[in-house]
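*Asks:* Given next are the chains, with one letter for each unit.
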Amino acid sequence: MRKIFQSVALLALVCVSAPAFADSQTYARQIDRIVSKELKRLDQEPREEIDDYAFCRRVYLDAIGRIPTLGELDRFIADDQPNKRARLIEELLHSKGYNSHWYNYWADLLRVKQVGDKLHHPGNFSEWIKESVRSNKPYDEMAYELINSSGKLYEPGNGATGFYAREPMALDHLSNSVKTFLGMSIECAQCHDDPYADWTQQDFYALAAFSSKTYLRVDPLPEEEKATYAENRAMLKQKDFDEWIVYRESVRVKHAAIHGNGTGYMRLPHDYQYDDGEPFDVVPAYTLFGDMPELDYTVTKEELEKAKHQNFGPGINSRQSLAEWMTSPDSPLFTKATVNRLWHQVMGTELVGPLGGLSEEEMGEHPELTEKLVEILKESDYDTKRFLSALFNSRIYQSKALALGVEPPTYVLDGPVVRRLPAEVIVDSFLSLKTDTPDKYVATEFKWDAFTHFYDKSQSMGVEDFVDYSIKGPGRKAFHVREEIEANTRNGDLGPKDLWRVSSYRHHDGNHEIAVLMGQSNRDLIDSANREPDIPQILYMMNGDLEDEIIDESTALIHRNLEGVKNRSKRMAIIWKSILGRTPKASEKKLFAHAEGDIIWALLNSNEFKFSK
Amino acid sequence: MIDRREFIYRVGLTGMSLPFLNAAAIPAPTAKAKSVIYIFLAGGLSQYDSFNVEVDQDVLGKSTILNSNVDGVRVSNYFPTLANHMDKLLVLNAMKTNQGAHPAGIYKMLTGYNPRSSITHPELGSWINKTLTSEQDSLPNFVSIGNGRAGTAGFFPGQWAALPVQDPEMGIDFAERNQAVEEKQFDKRIDILDSLNSDFEHLYGTKDTRSYVDTYASSLKFMSSKDIDAFDLKREDERVVNMYGRDEFSRSCLLAGRLVERGVRFVKVNLTGWDYHNDLYNKFPANANKLDKGLSSLLTHLTQKGLLDETLVVVSTEFGRKPGVNPNRGRDHHPDGFTCLMAGAGVKAGQIYGATSKDGQEAAEDALDVTDFNATIAWRLGIDPNFEESAPSGRPFKIANRGEAREELFG
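Order-wise, the sequence lines are chains A and B. Heads up: the first sequence begins at 1 in our numbering, then just goes up one per residue. Heads up: the second sequence begins at 1001 in our numbering, then just goes up one per residue.
To be clear, the hints were calculated from the coordinates, so they are not data collected in a lab. Worth double-checking, as some hints may not be accurate.
Covered stretches of chain A, as calculated for chain B (at least 3 residues, CB under 8 Å) [unchecked claim]:
1) 310-322
2) 418-429
3) 471-485
4) 595-609
If you anchor each label on the Cβ, the simulated ranges turn out as follows [said to hold, decoys possible]:
5) A:157 / B:1103: 55 to 63 Å
6) B:1103 / A:563: 49 to 57 Å
7) B:1103 / A:136: 28 to 36 Å
8) A:485 / B:1248: 27 to 35 Å
9) A:42 / B:1248: 53 to 61 Å
10) B:1031 / A:436: 57 to 65 Å
Cβ atoms here follow ideal geometry from the backbone N, Cα and C, with glycine treated the same way.
This is chain B alone, in the form it adopts within the complex (with noise of 0.2 Å):
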């Protein structure tokens, strides 16, 4: 007798979508990165009022500069707590993309591709959740966490979209089984399951009715994970929990560095908000406080724990702001020359990459295209930024689009 959690499980790899052990697909011996926690600022980061003061002082607008700890790395008075934590960041300063609203400008950073009518394209913790997932692994090894966009699996089964939670307090809501029900009734529940998805599958499969046995079979292998605790935050040890604080997007990085510590290849943590097109001044401080004490604590704990070496940290956004404040005090869009981030795993830290012109208007030196961004953050979880996959209609696409690894970013 079979046991029928794996027999369901069987269904959904002897379906059309075989995840595992895609051969071209296994990362690289040079692999230098494990897991990638990934914050997302949706609504456009102000470079200018953040992490690229080397401009004109007018182009400042009403931020001001602080030092750092590192010689000739500067920010803005915003991120005083980051100030201090600039040796373990790269800045990129000379970020470009070809998107100027934000609904493509998401998508793009996201999928590395612009938005179709015709196609989703699969975002990138997407890519890499397919790529890397092994039967081993009993955690989703994509994660969304916060509000804004989940993590769409495109034209992959849906099984590799994110997880996602909406509220870090949370976790996963019903991951146990009903208290009602037993462990041999849940078995023979999911035998008469089989029984009659078996049948449905015969006569109606499609991509979407697989997608659904595949789900069925993460969701049972989910529910029995011995990891599953690290979606509880009160597990955590208080002194971290006291260096993290209150603040929702610090304890969605909490929660981010916690997955990593168990595995999870890619959790994306989501920080909305930035879109400041009036009274930027009044409304920026408070978000960027959140970032500032944020994403400090994450990189505190991550050396703390030995994590910060393999895994590699990415701040990122649509795109940026405009040199000049606008008659409402706040920015408009400007996707030629924004800012990201990038820490841990071997990247050149405490340094600044790219510039702007002087006046702000463009990306002057060591440009860097979203999809090279992308690139670079597969490549250095060892996958091939060139490897092909095929939408259900043949069309082959890639991970990070046309992009290409930028590997002088790490040392």
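Only chain A is shown next, with the shape it has when bound in the complex (with noise of 0.2 Å):
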């Protein structure tokens, strides 16, 4: 039956012609000639080709986040037919794996999390950033969308929103965009003149100024309140107060929204210290560098001025200026800073600088490299899928991964360097050793939680169906677990939850433990995964739950794909495969006396495996 399976599998995969990514060869030429050149300039070797056992461990490793199984590794190499590394690349690329991988990736850097502040939970944020990855949205479109985001928070497909109610500071959530869609550290000038850029104080606060009076609201307006909820609210409130919590917090759920899409205006802080302006001054937007757009104001500055110090201004759609600006391909820092992120991802060096902190000129080691990058991902539509097929099939990622030591090579970004593997992707590949389908669970479709599905049945309440839901309803403590309990329903079968890969756990279904002992980001910060060891983590990789799940686990797959094999040679390179993707060497022979299980205890902790190479 396997070998039917097999067989059918390959005949897809020749079938499988690549139009649409027929620029993906011309664009890895391109990249490969121009860092070859610089390699003959600088008198430096290239790097050693790899081969296609470690090819194979490493696309699946970047492009959908896990070690490839058993059968896909064998697959792979009994490949016969033209181009087979294009074919498997674009083969990952268009698949589930690639949509769980890269949704850890954007949830990292947009920071989805539960964030204690206000009633605001991330789920439809979530479920927005899996949609954009499943329709592969073009990056600009997704950035655009986030920071142009306004209307109720837990509307499905509108999850955007998310990404403002994070952050409960207008001014923290804009030193965060720039850092996260330009790259750039403009936090400083929140406080004080930055000393180490050009960005004064008065600069900050006139880009804070296209989104100014953009907040998360969650209870409904105030002329919506007061016509509708406030007479039943008064009622409940004497009445019962666990009725009352109830009637607040579903209501909540229905009108918790991003409002207002920025006036134009700011105003000084209180405490501004600086000569060129007053406290609580009226500053008009103003970009940071590039184009100013036109914005329709309807008061002036001037009017302003005479208002009370709270009074910014009508709002005027500035924010979608905003949005504009900081996607435009013309912006000197959009594309880079993207190109940094993915390069950075892919490769593991700085093509052009540290993620969050580039500038306007800063073209990197390699300014050529770097204008070539910008240029395939421009032409590309910001289609990430593309842009990542130009790098995945170049010459210079398939090439001998380069331990960085104390003295390093002139040249580094002719190739991808040893690191660590991202903490979600160690666990992932845990589930390669476990099931032949390590993607199985990962989601088609818009999976509903507690809230989306609340705000979907609330769409026909009316203030009276809210007053008897709160009265004949489950209680506060209760309220958000029936409606999980519901949406779970809603959304059939997810799988068992220990075959699900990292990706689909969700906020309702707690942190996966294992993968923050691996070091998951908190997702406090921009960047804040972490890769490192430390003793808890250690003592998990010798001491914990692999002992059952894998090395002794005889349903698991590594054991399945040892069964009826007889020969001690077969059977060792089948477990060096499964686990680092490749044969053993000569060298390891040696190891071959000992017992299985404690080969396969010490191949799972080698750093082989943890790292990429």
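Put the two chains together into one complex; each comes in its own frame, and the hints tell you how they fit.
*Replies:* Now the structure itself:
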């Protein structure tokens, strides 16, 4: 049966051509030419090319975030048709595994997290990112939607609003947006002129003016509150605290929203200390660099100066201009910062500079290469799959990884560097040893949670229904739980949790403890994932669940693959290929005499397993 | 036949880091403190609702003043228990930092450096771990208890990062060999691992791969430590347990006390949540109560055990709060003139050092920069604050940046 399945898969592969990605090869050759020219100039030897085993493991890790299963590896090695590397790249970029892996990446960057500040659940935000990855939404559109999002927080499809809801402080949100999308640090200027960059505090406030008065409000707007909800709210508060809370919370789920679209004006802080302005002075919107978009002001700066300090003027949709400015292909930073990020994710080095510390002019160690990659991303219309395909198809990607030591070679952009795998990738790789379908339970459609589900229900609920729900309802403790249960029923079977990839753990499922142990980002700060060892992590690797789940579990894929294989060397080859993605070296044959469980344990604990090379 | 555990351990030692016995860093004989318990109040403790009440009445907001067991030292009404322990504490009322946002402020306080996107600096605890660890120590010398930033090793190898204990009740997971694996078998596994890693190191060794080898070595040592039961609070004397009570922060302090008793050099205890921008007087009391009870129990415990003479207990926070209460009935960030505490190891207890202006706006007298604060801690442990370590890039760094020890804080 297995054999038939494999040949069908092989046939399918042979038939796959990649017209949409024809330009990947062209781009890849362009990248290679630029790099090889530089190597010649520096008189530096090109790196060795990697073999099919190393390529297969590497591209699985980078494209879909886990090691290949034995079947996947063997199938690729056995493929004797032309362009098999290019075909594997395309297959992986269009697989469910890709959706899982790159969701983790964007969710970290956008810091999807439950923050306790106000009623705010990030489930819808998380779903929005998943849908964006599934539909391969161009990255500039994704960024634009995040910056310009408004409306109901829990309306399915409107989850981009979670990006604003994430940050209770508007100015922090702006600093983080600039760092996320432009790769630039301006947070110093939030409180004082930045001595290390050109930005002044006034510049910061001028930029903040675009999105001024954008805010999360969880309760209905005052007019609606007064007209619709206030009377019963007062009644319930008198009657029963618990019912009053359910009323409040359930009304919030329907009405929580991002309001305001920018007034184009800010006011200087009350402790403003510089000569170029007084506290509370009105500052009109102004971009940090590049073109200044035209805004449809309805009041002048002078008129507003006469108004009260808390008056920022009427909304004029200036936030949209900010989104356009920030994501413009003409921006000296947007595309460059994105390329810098994606390069770093794939190669492990800084193409232009630190992920959050770029400047307008900076082009990195090798400006020509940066320019080319910027051009590729623009020509690809910010289609990240097309961009990744160009990188993966390049000869430099397919060369030996460099171990960065004390004295690195002059030029290090000629391929990837040795580095530890991201936390989620390590954990998801365990899955490739347990099951031959590790991506089976990656969702292919929107999944409901308590908040989106209740929001959906609430669309047909009038005030009387809310009162009814609160009085006869589940009580405040059970409110979310009950909706969560209904949402889960609606979602249907999500599969057994122990076979989920890390990306399938949602906020109500709790953190993935093992991924946290491996250094998963806590999503407080941008780029705060950690790839360092610590004692608890090592104790888990040595003494934890792997024993029961893989090493000593006869139904785990690795053991099923060993079933019926008599020859010792063949058994060892299966073990090595399953865990390290390669056959054993001659020097490793001396280890064959050990018990298989002990060998599996040691391979799982080895640096080679945890590092990409 | 050499002992295999020792072998991988030696791989660690002969790797890049060569961690021990760094001549320049051997503690001076003047060391008066053996250990530090570092209570960190992330979020920014309001000095005017806690330990700096020597300011104008309107600065105190709704807080009122309590006398303590020392003449001339007064605290706010939220610290009635600590009021009876002020004879053990030195109050530092003129702390200064240059950071006004949380992540940067926390980073500055704990590392002594401003955050940069180009490098991560080691935390104070990591410096102390790296500098004072000797081959005999079987417990890690940097343990961080509670939620919050555990304690990064920065540009040092990862083995010098804090051992995190998220929950004092849980101890350390998986510190024992899996039941299914016999000791001999475990040794064989380490054998195979050794062989695989040596080979990989040869071909692909980096700072990060060596850090893993080193951390495996530390973990093996930890597993076989005779002191590992220090993490088990169930082993503590019932009277001591009762004194601390059930609160999680209190229990964390108890664990910290047990660890310094076994010689751990630096224990950080996190108590977060102090960022009260609004509704301060409804939210602050519960957290203050935790600190009040936990720290009081810890001081009593250490005194009873005779450990306070050689243990420096510090309470710090990234910055203070503004003297004015804002319209949301909270207080905003204020880096100029906030409050930290010290106890033990010969500190001039029962005193107040430094003062803010009466209007609470600034540190006016004997200001103490956070870098000087860190340098003082290092100095008291016998570490020269001018001792330099190089980052992999070759740039030199010091334990407390340019901070200088304020020796006059000790008698």
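*Asks:* For each hint given before, does the structure comply? Return the numbers of the non-compliant ones in rising order.
*Replies:* 1, 3, 5
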